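Novice: The primary structure of each chain is shown beneath.
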Amino acid sequence: MQDFEYQKPKTVTEAGDAFNAQSDGSFLAGGQTLIPVLKQGLAMPSGLIDLAGIEDLQGITATESTLTVGAMTTHARVAASPEVQKAIPALAGLAGGIGDPQVRNRGTLGGSLANNDPSADYPAAVLALSAVVVTDKRRIPADGFFTGMFETALDEGELITDVEFPVAERAAYAKFPNPASRYAVAGVFVARVDGAVRVAVTGAGPGVFRAAEMEAALDKDFQADALEGIAVSEADLIADIHASAGYRAHLIGVMAGRAVDAANANVGAA
Amino acid sequence: MTDVTIGQPVRRSEDERFLTGRGRYIDDINLEGQARAVVLRSVYAHARIKNIDASGALAMEGVLLVVTGEDWIAEGFGPMPTKTAIRKNRDGSELSEPPRHCLAIGRVRYVGEPVALVVAETDPIARDALDLIDVDYESLDAVTDAVEALAPDAPQLWDDIPGNLCIDFELGDREGVEKAFAEADHVITLDLENNRVTAVPIEPRGCVGSYDPETDTYLLYNSTQNVHAIRDTLAENVFGIDKEKIRHIAPDVGGGFGVKNSAYPEPPLVLYAAKKLGRPVKWINNRSESFLSDTHGRGQTSRVQLAIDNDGTFRALRTETVAGIGAYCWTIGPFTPTGGSARTQGGPYDFPVMYYRSRAVFINTGPMDPYRGAGRPEATFQTERIIEYAARQLGLDPIEIRRKNLMRPEKLPHKTSMGLNIDCGDFPKVFERTLKLADPGSFAERAEQIKTAGRRFGFAIAPYLECTGGGPKEFAGVAFGADGTVSLSVGSQSTGMGHETSMAQLLAARLGIPFERVEYHQADTDKTPIGGGHGGSRGMELGGNAVAQAAGEVIEKASGLAAHLLQSKAADLTFEGGSFKDSGSGASVSMVEVIEASFDSERLPDDLEPGCLDTGSTFERGEISIPNGCHAAAVEVDPKTGAILLLGYWVVDDFGTIINPLLADGQVMGGVAQGIGQVLTENIVFDDSGQLITGSLMDYGLPRADGVPDMVIEYYEGAPTKKNPLGVKGAGEAGCVGSLPAVVNAVLDALKEFGVVHIDIPLTSEKVWRAVQDQGAHDPKGLIEGAL
Amino acid sequence: MPKIALSVNSQPVSHDVEGRLLLVDFIREVLGLTGTHVGCDTSQCGACVVHVNGQPVKSCTLLAVQADGADVTTIEGVSPDQGLNPLQQAFHEKHGLQCGFCTPGMVMTAMALIEDNPDPSDADIRHGLEGNICRCTGYQNIVEAVRTGAKVMRG
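Quick mapping for you: the protein sequence lines, in order, are chains A, B and C. Following my numbering, the numbering of the first sequence begins with 743 at its first residue and continues without gaps. Following my numbering, the numbering of the second sequence begins with 81 at its first residue and continues without gaps. Following my numbering, the numbering of the third sequence begins with 4 at its first residue and continues without gaps.
I should point out that these hints are in silico values taken from the structure, not numbers from a laboratory. Just so you know, these numbers come straight off a predicted model, no measurement behind them. Each residue gets a CB set at the ideal place from its N, CA and C atoms; glycine is no exception. Check the hints yourself; a few may be wrong.
[As the list claims (entries may be wrong)] Lysine-lysine pairs mimicking DSSO-like chemistry, simulated, CA-CA at most 30 Å apart:
1. Lys752/A x Lys781/A
2. Lys325/B x Lys163/B
3. Lys750/A x Lys6/C
4. Lys832/B x Lys531/B
5. Lys781/A x Lys6/C
6. Lys553/B x Lys832/B
7. Lys553/B x Lys495/B
8. Lys720/B x Lys962/A
9. Lys154/C x Lys752/A
10. Lys484/B x Lys553/B
[As the list claims (entries may be wrong)] These stretches of chain B come out as covered by chain C in the derived footprint (C-beta under 8 Å, 3 or more residues):
11. 269-282
12. 752-764
Turn these sequences into a full structure, and let the hints guide you.
Specialist: Structure representation (structure tokens):
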């Protein structure tokens, strides 16, 4: 690992200034992806701006219709949060299934979104729930946020501060994990918000994406059976030693069905 | 103070140190003034080295030394030879062995092969310096598949070894098998793969070396399983010096499983650098480098054929294997796929005749050497898979045909076609006991529930029979201290198996002395004159018997002193329960008292001196033992995703005499978990250019806590072997031997309604799902065709 | 070089460190607390688990500077001067360790698990140990040790 300058600002403004002062700065959130990347020498920033000291980026608040999660809130905190469990239990469940307990204690929502790993879990929730990614400069709707593999709409130096999740009527996430890394080989988040169904797929493609045909079918009938006969195209999916594109396409269908069943069961239980 | 017995689950002495962070592993050892070494490894699977320019690295501040293959050869150092016990081709000629130097000489033959050693003030500096060494490679075609490597137009690894063939081996009765094949009602054929995996002990390899110019001696701390053999290779083969010039010590070792048994290039490089620089040098592999540079195991492609009659009687077994062993013979690379896999063909079944042929082939990959079981898991897998496959093909009950063909105890001793002398055991009894323990009938209701939920239940039983191995001699030394301590030094080695406890338990039980008084020493070439280390499940069989033999010698010596103390004749004394007793007078004296007296000049006779009870004893094995047993597994499979969940696991083992059942359980559990790992998620994969795809734990799937089931383990102790005085049959590898077929066959049982009869391991979820989609469209012949 | 001040096993520690220094290297190399181990380089194995402000984390995936001001506890900090704590004792009784290399990380993770969930089911334990790889034991005895340790700690 190459050495770098380390800074730990106390405010969002200071963080922006610190970033701009670097020739090649990088924000450090939980570090659960960035530090392994640095260790492998795949990134060599001139400076790291640690966001852990910024109080404003922490915390969870809920209203009737919206759940707001600070960018630096850890997965463990989201998973254990009574507010999240009450408002969007599927989101708590998703957070509790990311990585392993140690990763969940450090990894953050904002870090996960800004990195936009194609097999990360959170992007599926953000996209399916039609959340709004709030930055230090603007509000970015989920549909415009994820732009490609490890690519987002964030500008250089732009910082996620919060994510606003609409409270869903029904929602669930089902993932098929990679046996080694435990990242998603295919993960599907299904949500019905304000009567509209959204289905977001992670792990299977070069970035999180929506499954329009499934959304249309579930809009008509929010039952797993409604998905039968919908073939997911493998054309744009990832293939690696763990899963071919065809298998991923198949898993998307299975996981979507299971997510719908779980979403309906969640409601039944409540 | 505790009295212990043989067979008691004594808790481990080493635990406190490990549980509190006071273990001392290789990376915890730092010598005053040490420099740090890092290895520059080849990024090509096959390439000519046109030039190495290290000037950039040498110019960097903190860089002390760069050693290349040219430097190494200029020093006159020798290659490390293979020590395989199998050396002859079928035609009687010698196997082909290319020279294996510590650094690549002019040509690299696998990704990860050491090209240069860099030594610097710190590890980060040394790693940064790697980027400043400019190696000019000319890429050559590579071959990483063994069957392809045998093809006439395959890239050739060695100019003087035609066809990439290391050895073409056979064993058994070729003609007898052909005759039985012609006569039997059926000959069932199955091609199968035993996938390439690696041990991944959680502690990576590493070493720390120093050189003392005054005595011209080296000191090497090394995370190894085998200090004596490796010391000998370094001294005699590499450096050409007396072996006494190197003291080789293994501190606490964080797992081995065979992978730390090999003679690797890094330790001699470190010793050389230490001498050259006049300061200690430390080298620690990281995990990514470990995947590239540790030895791998299994990796066999085989055609297995079973001759079987309509009534299910086995008539003959024939296996033909092709195995890639990497670019070199390494330590005993050619042994595993040849003799190692041949001996236990046919398992515990009564095969009138068997034949085994195997070719070990050079390929452009890292080295292959023993991994837990080293051939016996492969042989058991081949045998049990063909039986299961034949049962399915012929519509026979897989449990019944096993029951029918198991060797009856009255047939023992029996020498198989493979030359294996099976002396004792009761295979039918162990089989029935396992079946009773697992009670597959009790799963009926659960199986229904599982099916209702869209998944399928499967069960399989897999008897196994294996054999032990490793160095045939072992030393145990016992030395008494005036303070009451008893020092026990043994040449076998624990890398986690708990010898500090079990060996001490054995000595204390035999001598009738308190367990806590025994101080255990191992893995130090200065402490024992010989030592076979750890390998081939030899710990108790060799080390344990050496300890028992040494205990016998101590008792013999002590009886003389006891007679003196009791004013009796030694011949009149009996030793029982830790005391010598005069059968005439009834007078007795305990071993503890005799030991005390041996340090008391008042009580010692004139012709004895303090320390007179000390002994050093070498035990020599007559024949390897035959551990055997039976595994059973229950699984559920989700045909929609291909996901597999282990529901239950049962084992009955015959390890002969059990010294410490707690530790034996641990060996079985760990071995089964490694077998489950290989079957489900572990797999070494290279791409076409020879790059390792599964080079980190992000891609190489080790079993986690949620993937291994609870196991029920019992022992059959009715057949202690007479091949060694303790009656033990090695326990260390058996878990790995039985688990491969048990799990695979259980999964295939779950999939039988889909017509799935075979899937090559690992049973990844995609492969399982595809097999279900294909409704069993399996070609039993295809994998090895090109090589036959 | 940034200067960090933190508490390690209840002892105040301050040191100048390079930004790139990992917490595990700070603990092992700078402080000489070698009970925390390194078994991989991709944050999978868990041999390096320590507690930072009471939570288990992988110290190979944390910079030492990130622990500035924190309370760090290592295996040495949860071990009595003599003998074993109740969870360690349960590992000993149940033969929940073999080579011992993964053991400190396993113990640190399990202690936090029990703290969160004093009466964990086997499934809770197996899920909770997902970030710790053991290659020797097959996990069964570890699970039993954690269950037993939890019971003893509940009293």
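Novice: With reference to the structure, classify each hint as holding or not holding.
Specialist: Evaluated hints:
Taking the CA atoms of Lys752/A and Lys781/A, the gap is near 26 Å; set against the 30 Å cutoff, the hint holds. At roughly 22 Å between alpha-carbon atoms, Lys325/B and Lys163/B fall within 30 Å of each other, so this suggested pair holds. The suggested pairing of Lys750/A with Lys6/C holds, with an alpha-carbon distance near 12 Å, which does not exceed 30 Å. A distance of roughly 13 Å separates the Cα atoms of Lys832/B and Lys531/B; the hinted pair therefore holds under the 30 Å criterion.
Our distance criterion of 30 Å between C-alpha atoms is met by Lys781/A and Lys6/C, whose separation comes to about 21 Å. For the hint linking Lys553/B to Lys832/B, the alpha-carbon distance of about 48 Å lies beyond 30 Å, and the restraint is violated. At most 30 Å may separate the alpha-carbon atoms for a hinted pair to count; Lys553/B and Lys495/B meet this at roughly 24 Å. Distance hint between Lys720/B and Lys962/A is fulfilled; the C-alpha atoms sit about 25 Å from each other, no more than 30 Å.
With a C-alpha separation of about 43 Å, the suggested pairing of Lys154/C with Lys752/A is violated against the 30 Å cut-off. The straight-line distance between the Cα atoms of Lys484/B and Lys553/B is roughly 39 Å, outside the 30 Å bound, and the hint therefore fails. Counting residues of the segment 269-282 of chain B whose C-beta lies closer than 8 Å to any C-beta of chain C gives 4; at least three are required, and the coverage claim holds. Chain C is given as covering the segment 752-764 of chain B, and this holds because 3 residues of the stretch bring a CB closer than 8 Å to a CB of that chain, at least three being needed.
Of the numbered hints given earlier, the model fails hints 6, 9, 10; all others are met.
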